[in-house]
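This is what each chain is made of:
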Amino acid sequence: MTGMVDRADRFSGATVPLWKNRTARALFYQAVVLGLLVLLTAFFVHNTGVNLAKRGIASGFGFLNGVAGFDISFKLVSYSLTSSYGRALLIGLLNTLLVAAVGVVLATVLGFVVGVARLSSNWIIAKLAAVYVDVIRNIPLLAQLIFWYFGVLSTLPGVRQSIDLLGLFFLNQRGLYAPVPELQPGFGIMPVALLVGALGAVLVSAWARRRQMMTGQPFHSFWVGLGLIVGVPMIVGLIFGFRMTWSFPELAGFNFKGGFQIAPEFIALLVGLSIHTSAFIAEIVRSGVQAVSHGQTEAGLALGLKRGIVTRKIVLPQALRVIVPPLTSQYLNLTKNSSLAVFIGFPEVVAVFAGTTLNQTGQAVECIAITMAIYLVISLLISLFMNWYNRHIALVER
Amino acid sequence: MNKIAMIAAAAVAVVFATGSAKASTLDDVKGRGQVTCGVNGPSGLAGFGAPDDKGNWTGLDVDICRAVAAAVFGDATKVKYVPLGSKERFTALQSGEIDLLARNSTWTLSRDTDLGLDFVAVNYYDGQGFMVRKELGVNSAKELSGATVCVQTGTTTEKNLGDYFRANNLELKSVVFETSDQARQAYDEGRCDAYTTDASGLAAERTQLKNPADNIILPEIISKEPLGPAVRHGDNQWGDIVRWSFFAMIIGEEFGITQANVDQVKSSSDNPEVRRLLGVEDEMGKMLGLDNAWAYNILKQVGNYGESFERNVGLKTPLGLARGLNELWSKGGLQYAPPAR
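Chains as they are written, first to last, in my numbering: chain A, 1 to 398; chain B, 1 to 341.
This is chain B alone, in the form it adopts within the complex (with noise of 0.2 Å):
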């Protein structure tokens, strides 16, 4: 009897507890101390999102976590986070286990729409290529009817692989694996012909084979993929922060403004813009429900756009991407930010 009247207690406590009602994602973060950010897991893609050995997790998608997180706390370390894999990232979101995904995800008109999610910027403008081994004698994409490819599970590469070959008339064989681990391996141990995923992908992947050098990359590009951070959908006052605290650093490397120079950009700089962004003019901080300190945090304590780049997947890192589409609108890129006014 003691027992029943236990469990009846639990349910009803069940039923009731769950009435209260909803703080916003912003509330939520500062009362919990840290912004949860979910990333490329289990083990991380280089360059995007990947623990370094000492286990900090660095990457051009964790720099958004780490932008977002100066512009709340004045704290880029105040985030955890969260490995995903490419099944369970849109989950975690919806679910709110996470705050913010920033984990290469490809912007689709889907997604946007049925998935409960709003994508708020684009940090790397990619499309979908295939690796192939040198010694196979392949130059085009279009040479790959009745090749074996493949593939990781969970991501629009699947599909557009089906596509491409179904436009173009191609015979298709797919090999599709849980990790991207192990679509690498496969393919690295000959069960392949050939490996798809974004092109940046392909880049950090190559990275990690046997031999880097006996493998190219084809030309072809056979999707768009706009690749950027999501948040839940409803919450507009949160998709404002992150995409903005995105769009600064993007407005921070139009200006020239860097880590190296902020301080002094913000005693001395008369481009009511600059000023306005860096808190001295106007309270675009308090806008954004945030500190007028927030773009000048992100600046100080992440870099500007260019910066993050060139540091995770840059020219001089191991990946060597070129900026090609993601470099500034102004120098012939398609990265642009609106007018911080």
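Only chain A is shown next, with the shape it has when bound in the complex (with noise of 0.2 Å):
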């Protein structure tokens, strides 16, 4: 339509009025509703400001760097009674940042796993998953959180009754304490022993990758990188001594003493999380692998190739293709969902900042707009990420 009237203009040489060129209106009505919508985000803002101001509510960030006073349980960066605000926030985010990469590890090989045995030949091992995708994925995960921590965990031993496993690690209601190292100076050779190893594991790869490309020979690369990584920091360990003592758990007045302690909360966090997300990535999985035509199995297999080759060199690198736009979604979604832990105890960043740090500053306004930004920009990140790799591993036609 469009053309046709610009041809028609052309045509005629007679300039046509502005309202009757249909751009030109486009482009108007387009200017006046984002008008509209910047003046209705102005009078938000300036009503919000003016009602703040009118009820004598104070405002600003200046808050930040106010004492906080309240402990906060489960910290990865040091944090005592006398931190600020804006160091609870970061307690906060380090935390649900921690739960979101562990949380989305987990969820990705469980999911794969389930994913794959729900297309098993194995009819007992095929239902199975069945039934794992259709019970996770219909129970609300609050309620799973809340089954974990307060159904499963919870009815562990109390602390003085914990279960002893070989002396060294702890199970109990309070969580899992294990033995920690502690370094010692001189420790700083075993990260370049490792580095090393790492570094090894790379180039071996990349040989093996060209030999086959040239000669058609497979290697075993996986197995000697894994050796190498493995290898090369125990043998320098061995030589120059490991510089590093144990710290064991030990019971001492209320609680374990020493040792490293996994919080119970994070712990049933971490598994409600990803069993639940697992559930879903299990269908996106299979879906994505029936997506793959049967004749590229069919083909694999009729050149000789092993079953399980014909799965991880032929099938699962097609289905990826149809498997990463909707797994973004399911990381985007675990992250979030994170935010659910205030309910049993895990202090990430809703509970720490829009909960704790809100209500002792009275800042609502201020304690909002940081945590819906922090989760915009990390659902962003986890999003530019997953569109990347998305691109890395589309079809390349040759």
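Misleading hints may appear alongside valid ones.
Short, incomplete list of chain A residues facing chain B, as computed with Cβ under 7 Å [what the hints assert, rightly or not]:
#1 A58
#2 G158
#3 G253
#4 T356
#5 N359
Just so you know, these hints were derived from the structure itself, not from any lab. No experiment lies behind these values; they were computed from the predicted model shown. Where a beta carbon is used, it is the ideal one built from N, C-alpha and C, also for glycine.
Can you join these two chains into the complex? Each is in its own frame, and there are hints to help.
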């Protein structure tokens, strides 16, 4: 339609009034809508400001420097009762990132296993996977989190009746206690050794790929690489000494002291999120694999390749093109769902910042704005990375 | 094009619709026909504000809501109860969702200034305490170094806990939950060594434990927690109404006016202050912008402070709280109302 009008304009040669020009009209309406949108936003911002001022509610971000004064049980970097609200925000943010990162990895591994199991030719395995997916997908996440926390982990024995594994690991209601290495001076050589091992593994795999391209000879680069990554630090350690001592958990006073404690809130949240998301990922994987024509498998088998190789090198790479876009949504969901942690006492960003900090300072608008901005940025970053990865694995026509 | 025009019209309507003049809270309440009152939610706090098995809200805090309704409408049932969590309570008041917050909230300097609220009275003088299991063998809060403490988020409790442990050089591990139900459950299951909240709250929560008798409340009270109703800052008339509705209950107790004898007192008392309070003399009600029978209605329908206390949290209730600091000033307590004259 537009084309015809334009052509008519050109033929007539006369100047058409602006309001009869389709493009001009479209631009005009869009400008009006945009203008109204800006006006509306400005009105909301202004209205909030005026109302806050009228009610005598302090605003601004100065409160971030104030002393928080409350305790946070689970922290990756140092935090004390005298730290600032800004520091508390950082603790919450890191906790969210940790749970999201570990959760994404666990959910992906579990999801792929269950998804492939659903397609198994073994009737029992396939049906078990189907039941897993249907049960997990249809129970609300919050109910699952509360189940894992109050239903499963709370039923573990108390501190004094801990389940003792070899005298090294202790499992009780307060979590899992494990020995942890304490680094001594001179330990610096170990990370260097690890780096050397990793570099070696990368080189070996590059060499193996080139050799396979040239000669067609495959090479077990995975096992050699693993050997290098583990072996080099071991050998260096044996020669120069490991330069670390172990801290063992011991019962002292109310709780275990020493060692490393994994809080039950963290375990419950991680297990709940991973299992919940894995059921969705399993379905995505199943549909992705089924989207690859069966002829591809048959062709691979006809070439004499083993079934595992066919799945790994022919079917999965093609399936990934279908899998990755919806997988991104699941990663985003997992990250955002971690905010439910407040119900089981895990201090992530919503609990610490949009909860405790908001209430201690009363800065509702600022706290919620910061929290929303944090989720927005995390989500956009995940989405950006997954889109990059999607382009990377997209089918390249040669 | 039609769609765009509609959106534009809607946007313009939104922008101009908000210019109307702001009425006073009393006018709003009268126009609505009921007082919206923020109370302890979602499941309530026994004795202070909780729905009974028939869904009627009862409690010491709830009686404030009822008193205000009795003063404004002459009918204590004209209240809409809005159950609020500790996190959203102040926002609900600031934004005008409720007219009055009666939800065991602690009066503090920062809340009085930064939050745009006015606390008008103290209906319960409280302090934060600790509950532990007897088997732990702990007799004092000072022995709690290294202990794990369960606490509910969004309260003054969380910060008091930090302050107390810091001041006494104790090592603190806290586990923070969204609601008091979850915090109490985690304590009950053994996740924590101690549970902390206001002493009155501890008494209420203890009744909900699996074996209440296996738990003791430690003697230390680590903070002052004057709990009371709050209104929005800036509407002094409404603040006066809520404040004096509560004071009427205190004065009622002082002069021995009860639900049972209020009619008789009204007709026979010679005491000028009683006569003024009950609307026989002068026009106290008019000064507040209310009916002259405002205080009579409160005492007739809700009762005096002592009656409310004994009915909701007193020794004969499951909470079993003694009057303590909440005894009248004339009997050694802190409850004191300025004279009605």
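Report holds or violated for the interface hint on A58 (chain A), using the least CB-CB distance to chain B and a cut-off of 7 Å. Nearest chain B Cβ about 5 Å off; hint holds.
Satisfaction of the G158 (chain A) interface hint, Cβ to chain B closer than 7 Å: holds (5 Å)
Can N359 (chain A) be said to touch chain B, with a Cβ gap under 7 Å? holds (4 Å)
Please verify that hint: G253 (chain A), Cβ, nearest Cβ of chain B, below 7 Å or not. With a closest approach of 5 Å, the G253 (chain A) hint holds.
How about T356 (chain A): closest beta carbon in chain B under 7 Å, or not? holds (5 Å)
Checked against the numbered hints given earlier, the structure satisfies every one of them.
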